[in-house]
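**Student:** Listed here are the chains, written in short residue letters.
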Amino acid sequence: MRHTETDLRRFLTEHSQARDHGEPPAHLDAIVRRGRRIRRTRRMLTAGATLACAVAAVGLANSLLIGPQAIPSVAAQPPVDSAEVVEPGPKPPEEFQVVLGATKFAMPLLDSQRFDTMGAAQTVTFTPASHDTGFKVVCDDPEAWVVLQQRLKNGEQGGSSGRCKDGVGGHGDEKSVPSDWLEGPQSMKVWVFPADAPVEEVVKDTVACPKGMKECAEHIVTWGLSQPKVLERLSEEIGERPGRWAVGIYDRPVK
Amino acid sequence: MNDGFAEYVAQRHLRLCRMAYLLTRDWGTAEDVVQTALAKAWLAWRRIEGNPDPYVYRIIVNTHASWWRRRWRGEVPAESIPEAADPRDSAAEVDDQDAMWSAIGALSPRQRAVIVLHYFEGRTLTQVADIVGCSLGAVKSQLNRALTRLRVDPDIQCMNLEEVQR
Chain A
1 MRHTETDLRR
11 FLTEHSQARD
21 HGEPPAHLDA
31 IVRRGRRIRR
41 TRRMLTAGAT
51 LACAVAAVGL
61 ANSLLIGPQA
71 IPSVAAQPPV
81 DSAEVVEPGP
91 KPPEEFQVVL
101 GATKFAMPLL
111 DSQRFDTMGA
121 AQTVTFTPAS
131 HDTGFKVVCD
141 DPEAWVVLQQ
151 RLKNGEQGGS
161 SGRCKDGVGG
171 HGDEKSVPSD
181 WLEGPQSMKV
191 WVFPADAPVE
201 EVVKDTVACP
211 KGMKECAEHI
221 VTWGLSQPKV
231 LERLSEEIGE
241 RPGRWAVGIY
251 DRPVK
Chain B
1001 MNDGFAEYVA
1011 QRHLRLCRMA
1021 YLLTRDWGTA
1031 EDVVQTALAK
1041 AWLAWRRIEG
1051 NPDPYVYRII
1061 VNTHASWWRR
1071 RWRGEVPAES
1081 IPEAADPRDS
1091 AAEVDDQDAM
1101 WSAIGALSPR
1111 QRAVIVLHYF
1121 EGRTLTQVAD
1131 IVGCSLGAVK
1141 SQLNRALTRL
1151 RVDPDIQCMN
1161 LEEVQR
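From first to last, the protein sequence lines are chains A and B.
Mind the numbering: the first sequence is residues 1 to 255 in this note's numbering, read in order.
Mind the numbering: the second sequence is residues 1001 to 1166 in this note's numbering, read in order.
With the rest of the complex left out, here is chain B (with noise of 0.2 Å):
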């Protein structure tokens, strides 16, 4: 098995978990995106040119996208979280981390890939058009926006006021 695609798997197992995780947000769900992703980077490994992963970063996105569609069950994304922690509760860090997980799982499934690819790939706005299949300006407005809301989002202006009152 030929011409690399072991090595590669070996090398980018981990990773590609980590971030389907992100996508996710189920490390169950996720280790099976990044199969069901390699699986079919495998069947196309030979016409692949360069580096694999915009490739299999694609995969990984589209499968995604897909499988919230027939796994939705209703579930509509809270504004806030209820019963939320006293923000002068000395567990607030967590609290913080929490409210920002919460966040990130209320965008959009394109709007949480581009997030992702960019602030935890490092891949370049153009690369990640190239990736999520869209121009260059409709994912700058995604950031945007993605990035809007969770500046806007209830349960982190807690967490700036209370670092405010600190």
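Just chain A, with the same shape it has in the complex (with noise of 0.2 Å):
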């Protein structure tokens, strides 16, 4: 016998009834408690954003009546007390060092985003200070697979990938971001995968390498790791699994 989707429907259905014990009492009472209590804690979360903001532009306006002097930064401040006390998780360096030639530039970190998780692929939404804009990923697992990629000029796509340690990355300038960069928000598309992630096996299964070759070159794994069949097998496989990582935005400094 061949297992059909009969007998996988069949298996379903007899496992799920198989398990319980007994029916499970539904309490209405416990759903609605829950209910309200949700919404209690959706308005707390809501009202504490609108005071947040509501703190942001007052204090935004007295420091542009006052002078930045006249007020202590509170901001700045540590927390006096914390229940509990989260690690960051990686953090992007404050600069990304450009050569282009003869030419050296640093850039300072205009934003970044930190990601909990690793499997599925990451949209990163940033607003760009010129057209000299840099990307840097981090990771807490040095050896695990990154890919990067963004819109170009004309509308191709761009971006870079391999292991974090070797710091996936890049920057754009006037001749290689779209025309309309500076013109609003702009996007890129990041995975991060795990270092045991089945990159070489999923390139091979899917995109090849040269005919006669054993095994692939790594320059060739890490160019098939950035081919969309290759991603989205690989976010099939491994589903979403807890890595922290984090990305970092650079820009050219305002003269």
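Hints in this document: simulated from the structure, not taken from any laboratory.
Misleading hints may appear alongside valid ones.
[Stated by the list, open to error] Some chain A residues near chain B, calculated using beta-carbon distances under 10 Å:
1) 14
2) 15
3) 32
4) 38
5) 174
[Said to hold, decoys possible] Below 16 Å or equal to it, Euclidean Cα-Cα: the simulated EDC-like pairs (lysine to aspartate or glutamate) are:
6) A:175 - A:132
7) B:1140 - A:183
8) B:1140 - A:232
9) A:189 - A:232
10) A:153 - A:200
11) A:165 - A:141
12) A:165 - A:196
13) A:153 - A:132
14) B:1140 - A:5
[Unchecked claim] Selected chain B positions facing chain A (in silico; Cβ < 8 Å):
15) 1006
16) 1013
17) 1022
18) 1039
19) 1132
20) 1134
21) 1135
Glycine included, every Cβ here is placed at the ideal spot set by N, Cα and C.
Build the complex: two chains, separate frames, hints provided.
**Tutor:** Structure below.
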């Protein structure tokens, strides 16, 4: 006998019934109580966000009216007491070094975003301040695989991929970024896969190595990793797993 | 209470728990997920038009996925069960069931959701796509890969081999 879809249906039905211990009571009161609790939490969060915006707006107005020296810096102070200390995870460096032939310069951190899971594509949105925008991904696990993709000039896709420790990232300039780069928020996609993700196997299965090659060379695996079919298959096989990483967005300092 | 919510809970609670159990693989967690899903549905009850099932399924699937991410402790699904039973054992049928259960547990949360919604809840693939929030093509792809994985699972291959030998 081969397992058919009917077998699967029957298995699921039987298994779902066999493992329950009688009919579980549907506590309507408990459901409604939990619903009210969720509503209270949502309202508190909304109120908190509104208050934070208001405080920020008042703070900004005050600093504009009075000047920065007159106001003690409250926001910069660490919390007096904290019930739970959560490690912040990897932090992108404060500067991104660019070397273009003889030209060297450093770009400061414009924005950074942190993530707690690997395996699924993440869209990172940011508002560039100039055409010279740089990106760098940092991970808790330096051996994690990273793919970064963004839109380039003339609608082409570009990006980079490799092990996180190799400093996956890059930077654009006026010749490479889309013409509407400074007209509003831009986005890029980032995938981070665990170090033990079956990257080579999936690359071999999906986009293949050159004929006659027993093993894919590292640079071919790295290239294959950025192919849509490989990314899709890896995401599906791995699912979403915990794993912290962050992406830093850098931009040329305003002159 | 209000516009049939109590009746819906009374009628659907057990079925929802069974569906959630197939996703979570733990009866206590399943009941917890369902209670959370119904609490969220209660908040939105007046805005739900038509059959509430897809809405509630979506919350269950999303809640399970987010809890799975939060509670993951580094367990990696094994390719095969250690000390597998002899296929000629008289308890082979029980082993078959365990092998299938183990293989389903090795699927990613989304693949498992697609399998459970389609084969247990009898939802069409279009409805499944709507519930899990992705395209029909993506659901078909997930389903095919999940079925392939279930069929090529080493334990299930043993089971098939034994069937042939009989």
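**Student:** If a hint holds in the structure, say so; if it does not, say that too.
**Tutor:** Quick rundown of the hints versus the structure:
| no. | hint | in the structure |
| --- | --- | --- |
| 1 | 14 | 8 Å, holds |
| 2 | 15 | 6 Å, holds |
| 3 | 32 | 6 Å, holds |
| 4 | 38 | 6 Å, holds |
| 5 | 174 | 36 Å, violated |
| 6 | A:175 - A:132 | 10 Å, holds |
| 7 | B:1140 - A:183 | 38 Å, violated |
| 8 | B:1140 - A:232 | 13 Å, holds |
| 9 | A:189 - A:232 | 13 Å, holds |
| 10 | A:153 - A:200 | 30 Å, violated |
| 11 | A:165 - A:141 | 8 Å, holds |
| 12 | A:165 - A:196 | 14 Å, holds |
| 13 | A:153 - A:132 | 14 Å, holds |
| 14 | B:1140 - A:5 | 15 Å, holds |
| 15 | 1006 | 6 Å, holds |
| 16 | 1013 | 4 Å, holds |
| 17 | 1022 | 5 Å, holds |
| 18 | 1039 | 4 Å, holds |
| 19 | 1132 | 13 Å, violated |
| 20 | 1134 | 11 Å, violated |
| 21 | 1135 | 12 Å, violated |
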